[in-house]
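J.: Take a look at the letters that make up each chain.
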Amino acid sequence: MKPLRNIWQWLDDRTGISKTVIPIMRHPVPPNIGWWYVFGSATLIAFIIQIVTGIALALMYVPSASQAYDSLKFITESAPLGHFLRGMHDFGASAMMLLIGIHALRVFVMAAYKYPREVSWLTGVGLLAFTIVMAFTGQLLRWDQNAVWSIVVAAEQAARLPFIGEWLGRFILAGNTVGGATLSRFFALHVFFVPALIYAFVGFHLYLVIRNGISEPPKAGRPVNPKTYRAWYESLLKRYGRPFWPYAAWRDIVFGVSVILIIVILAIIVGPPELGKPPDPSIVEAYPRPDWYFLWIFALFALIPAGLESYFIIFGPILVGVILILLPFIANRGERSPLRRPWAIGIVLIIVLMVGTLWIEGKRVPWSPDFNAKPLPIQVIGATSGPIYRGAQLFHVKGCEFCHAIGDYGGHRGPALTDVGDRLTPDEMTWRILNGGTNMPAFGGNLTPEELNSLVAFLQSRKAL
Amino acid sequence: MGTDDRSDGFSRRRFLERLSIGLSGIAAAIIGIPVVGFLLSPLFEKVPEVWRPVGSVDSFRVGTTTAVIFKNASPLPWAGVTANSAAWLRRESEQSFVAFSINCTHLGCPVRWLPDANLFMCPCHGGVYYEDGEVAAGPPPRPLPRYSVRVRNGQVEILASPIPLTTTKWL
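Going line by line, the protein sequences match chains A and B.
The numbering of the first sequence is the numbering used here, which starts it at 1 and goes up by one.
The numbering of the second sequence is the numbering used here, which starts it at 1 and goes up by one.
Quick caveat, the hints were computed from the structure, so don't treat them as lab data.
Possibly wrong hints are sitting among the right ones.
Stated by the list, open to error - Restricting the straight-line Cα-Cα distance to at most 20 Å, the calculated cross-link-like pairs of lysine to any residue (SDA-like) are:
hint: 1; chain 1: B; residue 1: LYS71; chain 2: A; residue 2: ALA181
hint: 2; chain 1: A; residue 1: LYS398; chain 2: B; residue 2: GLY63
hint: 3; chain 1: A; residue 1: LYS277; chain 2: A; residue 2: SER78
hint: 4; chain 1: A; residue 1: LYS219; chain 2: A; residue 2: ARG106
hint: 5; chain 1: A; residue 1: LYS398; chain 2: B; residue 2: ARG112
To be verified - Among the chain B residues that face chain A by a calculated CB cut under 10 Å, a handful are:
hint: 6; residue: PHE10
hint: 7; residue: SER11
hint: 8; residue: PHE15
hint: 9; residue: GLU92
hint: 10; residue: SER96
hint: 11; residue: VAL98
hint: 12; residue: ASP116
hint: 13; residue: ASN118
hint: 14; residue: CYS122
hint: 15; residue: GLY138
hint: 16; residue: PRO143
hint: 17; residue: PRO145
hint: 18; residue: ALA160
For each residue, glycine too, the CB sits at the ideal point set by N, CA and C.
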């Protein structure tokens with residue numbers, strides 16, 4: 001062991017590694033730092049998983065519009081460990097999104113963004129934005145049908161911006177249509193440009209943790225006063241501070257390793273997301289859906305009133321960005337304890353409830369016609385011939401069932417018609433079918449009088465038992 | 001040489017600072033401008049429009065709407081299947097054809113023609129259009145855009161053009 005020790009001593013003398021690293025590792029942190037402080041480091045660990053598995057996938061992925069899909073198919077189905085590595089990268093992405101979200105909410109609830117840690121918050125806002133960009137661009141690199149339509153949807157959203165919209169939309173497409181240039185752009189963004197920004201911001205974010213120290217757990221009745229805070233914090237560390245390594249670090253490591261294990265287990269058991277159809281924009285049979293972390297935005301765009309949509313698309317992200325950036329300047333002093341900041345708790349609850357509800361709706365997609373609605377079975381129709389039977393056939397064929405449910409069958413875009421016979425007279429039904437209504441097409445030009453009578457007969461037979 | 005304690009030392013120091021900062025700025029511009037130009041170049045290309053044949057006139061029955069596939073106007077050699085575009089072609093009479101964009105005017109998802117219902121429906125947010133492309137229901141802000149169509153030598157041709165993006169009318 002002696003030669004090894006000699007080499008280390010030589011290296012340490014010439015580089016000063018231990019003189020730099022040991023004080024950082026053993027910098028004092030406030031006492032009683034519990035499990036709430038592990039989410040930042042866990043986000044970093046998820047990011048490191050993404051770097052490692054991402055580099056591994058890049059060894060085989062071909063970022064070409066014509067070959068990316070096939071290379072990914074090969075990675076998933078044929079390459080040794082390819083299935084597992086894609087699973088790791090996918091669940092690593094989900095973990096990173098989830099953990100950075102929890103970390104941000106934790107920092108907000110405990111008001112750790114107040115003096116003197118405003119810039120930590122700002123760099124964190126940057127990292128949150130970059131992580132979202134990584135999640136979106138990563139989903140596109142799957143380069144299946146869903147990816148192609150996601151890009152079109154992104155371009156359409158950008159096109160709603162005033163003045164530069166059209167220009168920005170074309171910029172996202174890298175041309176006038178999705179094509180050869182589109183994928184390479186997003187590949188470069190996902191593997192070079194945004195990761196470089198994340199490295200820089202993570203470095204700065206961590207440097208600020210060392211410079212300003214970890215925020216002490218908040219206590220009601222102990223407000224932050226910028227005039228005295230630094231001196232007070234210093235004395236707190238002098239009297240009660242404990243070295244970060246290992247008294248705080250052990251929790252980060254226990255939690256971080258658990259995160260890694262969970263990702264590994266999910267990658268083995270669940271595996272990577274299935275590739276959709278090939279990225280051919282001429283295949284019109286498509287159900288474009290974003291990955292889970294964007295599903296609530298997808299739902300939002302379906303549910304906001306159509307007239308307000310452009311304003312949401314344009315001002316929504318700007319407003320969120322401005323609020324996040326202004327937060328540490330508006331409220332950089334005062335109480336930090338959530339017990340004394342009911343508004344903060346209320347805001348977090350509203351955000352969680354709103355996103356949660358939208359997310360569930362995004363899973364159900366009640367606003368989408370159900371193209372796969374099965375024809376009604378005989379026991380539901382209650383007839384095997386005659387107008388009621390013919391009406392039931394028309395109910396399916398004419399697309400009524402895509403939007404209206406009868407019992408457990410059909411879509412949920414429009415009201416369920418399970419017992420519509422109790423609600424509407426034949427005249428009311430006829431009028432509504434011919435003329436349409438709020439969000440219902442008029443079928444006047446598409447039904448013969450005989451067909452219309454059958455349809456109404458069928459609907460009249462829908463009564464509660 | 002190199003003494004900064006006289007009155008001209010101050011101006012010498014300022015000169016060297018400005019020289020270094022200025023040169024660095026020029027270097028950054030020399031490296032950066034071509035990259036930005038490269039990135040933005042697709043935006044300044046002429047909007048390409050090419051007539052693409054999509055089938056013989058006889059292959060479309062009057063009163064029907066069919067999906068037709070054609071190469072987009074400026075396919076790159078490595079584009080593969082992404083060079084494909086599609087349109088809904090409707091033969092209105094012996095002589096007249098209409099070609100609708102498959103992109104919903106809401107957020108661009110591909111609308112689907114349901115021949116029995118006589119409607120286009122969008123799978124994303126529930127947009128519905130009539131056979132003439134007018135909005136029947138849902139969030140789309142305007143009718144389905146149309147491509148130019150013509151008949152040449154018994155072939156139906158569509159003018160392959162950029163994906164229609166719905167922009168907001170301001171003012």
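J.: Output the indices of the hints that this structure fails to meet, ascending.
T.: 6, 7, 8, 9, 10, 11, 16 and 17
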